[in-house]
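Undergrad: Please build the complete structure, drawing on both the sequences and the hints.
Residue numbers (my numbering), protein chains in the order written: chain A, 9 to 377; chain F, -1 to 318; chain E, 7 to 253.
No wet-lab data here; the hints were simulated from the structure. For clarity, every value in this text was computed on a predicted model and none was experimentally measured. We put the beta carbon where it would ideally sit given N, CA and C, even for glycine. Honestly, I wouldn't trust all of these hints.
[Said to hold, decoys possible] If you anchor each label on the Cβ, the simulated ranges turn out as follows:
1. A:Asp12 to F:Phe270: 49 to 59 Å
2. E:Arg119 to F:Gly172: 34 to 44 Å
3. E:Arg83 to F:Gly126: 53 to 63 Å
4. F:Ala136 to A:Lys91: 18 to 28 Å
5. A:Leu282 to E:Pro48: 34 to 44 Å
6. A:Glu337 to E:Ser146: 42 to 52 Å
7. A:Leu71 to E:Ser146: 36 to 46 Å
8. A:Gly158 to E:Pro48: 21 to 31 Å
9. F:Pro180 to E:Asn70: 19 to 29 Å
10. F:Ala306 to A:Ser182: 37 to 47 Å
[Stated by the list, open to error] For lysine to aspartate or glutamate, the following EDC-like pairs were computed, each having C-alpha atoms within a straight-line distance of at most 20 Å:
11. F:Lys162 to E:Asp95
12. E:Lys118 to F:Asp9
13. F:Lys225 to E:Asp95
14. E:Lys76 to E:Asp36
15. E:Lys13 to A:Glu173
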Amino acid sequence: MIQDHLDIILIAIVTASACALPGVFLVLRRMTLMSDAISHAILPGIVLAFFLTHNISSPLLILAAAATGVLTVVFVELLQKTKLVKEDAAIGLVFPALFSIGVILISRFASNVHLDTDAVLLGELAYARFNRLEIFGYDIGPISFSVMGGMLLLNLAFILIFYKELKLATFDASLAATLGFAPTLIHYGLMTLVSMTTVGAFDAVGSILVVALIAGPPATAYLMTDSLARMLILSVIIGCVNAVSGYLLAYPFGVSIAGTIATVTFLVFGLIFLIVPNRGLIAIARRHIRQKWEFAQTMLVIHLFNHEGLPEAHEESEIAHLHEHLQWEPTFATRVVKQALNNRYVSQEATQLMLTDRGRSIAQRALVQ
Amino acid sequence: MENLHFLTRFDYTLIIVALGAALLGTVSGALGTYAVLRRQSLLGDAISHAALPGIVIAFMLTGSKTPLILVLGAAIAGWLGTLIILSIVRLTRIKYDSAFSLVLSTFFGFGLVLLTQIQRNGDANQAGLDDFIFGQAATMLKRDVLTIGILGGFALVIMLILWKELKLLVFDEGFAASIGFPTRVLDILLTSLFVIAIVIGLQAVGAVLMSAMLVAPAVAARQWTDKISLMVLLAACFGALAGVSGTFISSIAVGIPTGPTIILCATVIVGFSIAFAPNRGLLWNSIRQHRNRRSLKIATAKLIGAAATKNQIKNDTRPS
Amino acid sequence: MQVPDAKAIEVTDLTVAYRETPVLWDIDLDVPPGVLLAIVGPNGAGKTTLIKAILGLVRPAAGNVLIYNKPYDAQRRIVGYVPQRGSVDWDFPTNVLDVVMMGRYGALGWIKRPGKQDRELAMQALEKVGMEKYTNRQISQLSGGQQQRVFLARALVQDATVYLMDEPFQGVDATTERAIVTLLQELRENGKTVVVVHHDLQTVTDYFDWVTFLNIRRIASGPVDDTFTPENLRETYGGRIAFMKNR
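TA: Quick look at the structure:
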C-alpha cells in the first residue's frame, strides 16, 4: 500500500520537475501558447506510431510525438509567413486540426485498444503505475517513472549544457544571432524537448493538464525572483509541492488526481500572488496608498514651483483655492497640504503656501528625471 | 418494417444534429470575425476550457441538465476565467500567454475534479456531462438546437444592432472613445458575445475544439473579401457549411466523431481559401509575382535600350 | 498680436501618471482660437499623452481641461481627432470611404447608420485631401501618405472647431506633407484651432504660427516668433544643465 503511494508520488515528482524546467523558458519567451498547441497537436503522431508498433509504451511513440510537435511549430510559422494569417489565428487553426485528425483516427481504427481519447486528454496518475517496466523479469518500477525520469535528466542536461545560449536567446534573440549562437536551433531544440516531455506526461496527467504543469510553477516562480537560476530551482520546487499535495488531497476523495494538481497549482499561484513581497497584491496595494500621498505632495510642490515668482503666483498658492486648481477633493487637498507642511516641503504664510528650499529641490528633481 | 422505422428515426436525428451544427457554425463564424480581427483568436480556447467547472457546478446546484442552465454556468465560469487572465496581466509582470495557459488548464482541472466527484457519488443523472469535454453532437436533441438558436440568434441580433459601434471599436478604439462611445462597455459586450458563441457549441463540439469554430471560418472568409460585412456573412456561411458537411460525413461510417469532423471540414475550407482565393490567395499571389517580375524585366530592358539609344545620340551629336 | 478672451483650449495644472511614473507634470496651456499650434519635444516628453488627456482618453491625476470654457464631454462635437497612423491595423477589411464615414459616427450617435448625406460629406472631405479617386480602395493598399490623408479626411468630416492631430507628418511623402500643410493652414484661415504633435523642428517656423515646448512639464508656449528661441529649444532638448541654469 505504502509502495503504491510512493510509486505515484515519485511519478508525480519527476513529471512535475520535468515539465517545470522547459516551462521556465516558455514563460520567459512568451511561448506557453505553443506548449498548449503542441500538447494537443501531437495526438495524431502518437496514434500513427501506435498503429506501427501496437505497443502503447514504445519509445517510438515519444519520438513520433516529438516530430509532430516540431511539425506543429513549423506549420504555425509557415502560416504566419504567408502574411495571410496572424500568429494567434495560426495557432488556433493548426492544433485543433491536428487534434481532430488524432481523435478521428482513434475512434475509427483503435476504439478497442488501450488508447482512448479520455486517457490521452485527461490521463490518470493512479493507473500510471500499473504499466510496469520489467527487464529480464525483474520489476524495476512503473514505466512512467522511467520515462519521465529520463525526460527530467534530458531536460536538465539540455539546460545545463546550453544555459548561456538559452539565457541569451531568451532575453536578446538578435544579439544571440549576431554572436553566432543560432537562436533558431535553440528554439527548435526547446520545442522538441517540450513535445517529448508532453507526450511522456500524457500517461500521468493528460494533455490539457500538462499545460498547468508547464506554465503554472514557472509563472508562480516568476512572481518571486528576478534571477533565472533561482527561477528554475523555485519552479521545480513549486511544481513538486503542487504535485504531491495535489495527490494527497485527491486521494481521500477519490477525485481526479491530475485535476486536483491543476487546482492546487492555481491556488498556490493565487496565494503567492497575494503575499509575495514587492510584487504581491498586498504589497502593490500598500505601495499604491503610500505613493498616492507622496505623489500628491510632489504634485503640490511642482504646482507651487511652476508658478513661483510669476504674476499669478499669489492666486495659485492660496490654500483655500488649491483644490480648485488641481481638481482635488477639498478634504484630500487639506490632507496633502498638512502632510507637506509636516515634511517641511512648504511653509504657510497667512493664507499662502510658500515653497521651502527642500520642497523646491524636490520639485526640481522630479522635473528633470 | 423495423428497419424502415430505424431509418426515419435516424434521418430525423441526423437532420436535428445538422441543423444544430449549422446554427452553431453560423453564430461562431460571424462572431469569430471580430475575434480574429482583434487578434483574440485564442480567447475562445480559454473561455471553452474555463467553462467546464461552471457547467458542473450549475449541475450540482440545480441537479438539472437543462441546456440553458448549463450554458449559463459555462458562461459565468468562462467570463470569470477571462477576467482573471486580464487581471493577472494588468497587475503582474506575467505576460498574456502565461496567464492564459495557467487559467485555461487549472480551471479545466478543477472542472475535472468536480466531475469525478459527482461521477463517484454515482448520480445517475450526471451521464452526458463529459460530453462537454469531447463534444457529442450525435446526442443533440431538439431542445439543444432550440437553445443554440435562441442564444445564438440573440447574440447575432446584438451584433447587428451595434454593427457600427463594434466595427469602430475593433478598428480604432482610441477614436471611438474620442467621439464618446464607452469603449470599455463595448469591449465587455463583445467579449460576452464571444462567451455566448463558445458555450452554445461546447456540448456538440467539445471544449478542446470549440475555439477553432470561432477562428477557422473567419480566417477563411478574410481571404475572399476586403469588406467586413461580407466577411461576417461569408464566415457565417463557411461555419454553417462546415457544420452541415461535418455532420453528414461523420454519419456515413461508424466511429467517426462529429465534432472533430466539423473542425476538419472547417480546416479544409481554410486551406482552400488560403490557396485559391482571388487577390490574397497563395496561387494568385505567385501568379502576380511572376507577372510582375516579367513586366519588370521588359521595362528594365526597354529602359536600358532607351538609355543606350540616348547615349548613342549624345555621342553622335557631340562635336568632334 | 491680439489674443481674444475666449480660449479654444485651456489646460490647467494637468498632471498625468501611468501607474507611478509621471508623464506630465502640472501642465498649464492656453490655446487661443484660430491658431495653428505645434507641440514639440523629445521622445517621451508626453506629447501624445497631452493630446489624449485633452481628449479625455487618459485620466489625469490632477488638473483640468476646458474646450471653449466647457469640459470635453460637453464639447465633444466640436473636437476632431487624428490619431497616430500606426495605432490601427491597416489590414482591417474595409475601404477608404468607410473609414472616412467613421468621422460621422459621433454625430450619428448610437445604432443609427450613416446615410446618403453622411456619404456626401465623406466624399467632400475626400476631395479636400485629394483622395476622391480612392473611395473604394481597400485601406491595406494605401501608401503611408494616403493613409494619413484618409485619417485627415475622417477628421474633416467631424466638422470640428478644434482639431487635435498626433504626428500627421509621420512617414508621409513630400507631396503629401505640402498638401497637409496647405490644408491645416486653410483650416486656420476658417477660424479653426489646430493642435499638432510635431517632430520636425526644421519646419516649425514655416508651418506653424504658435508653438508649445513640452518635456514632461511645459517649457514655453506662445507665438512662434517670440517663443521658438534657441534658449527654449535648449531647455526642451538639452536636459538638465539648461534647465538648472534657467532657475
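Undergrad: Are any of the numbered hints broken by this structure? If so, which, sorted upward?
TA: 2, 4, 8, 12 and 15
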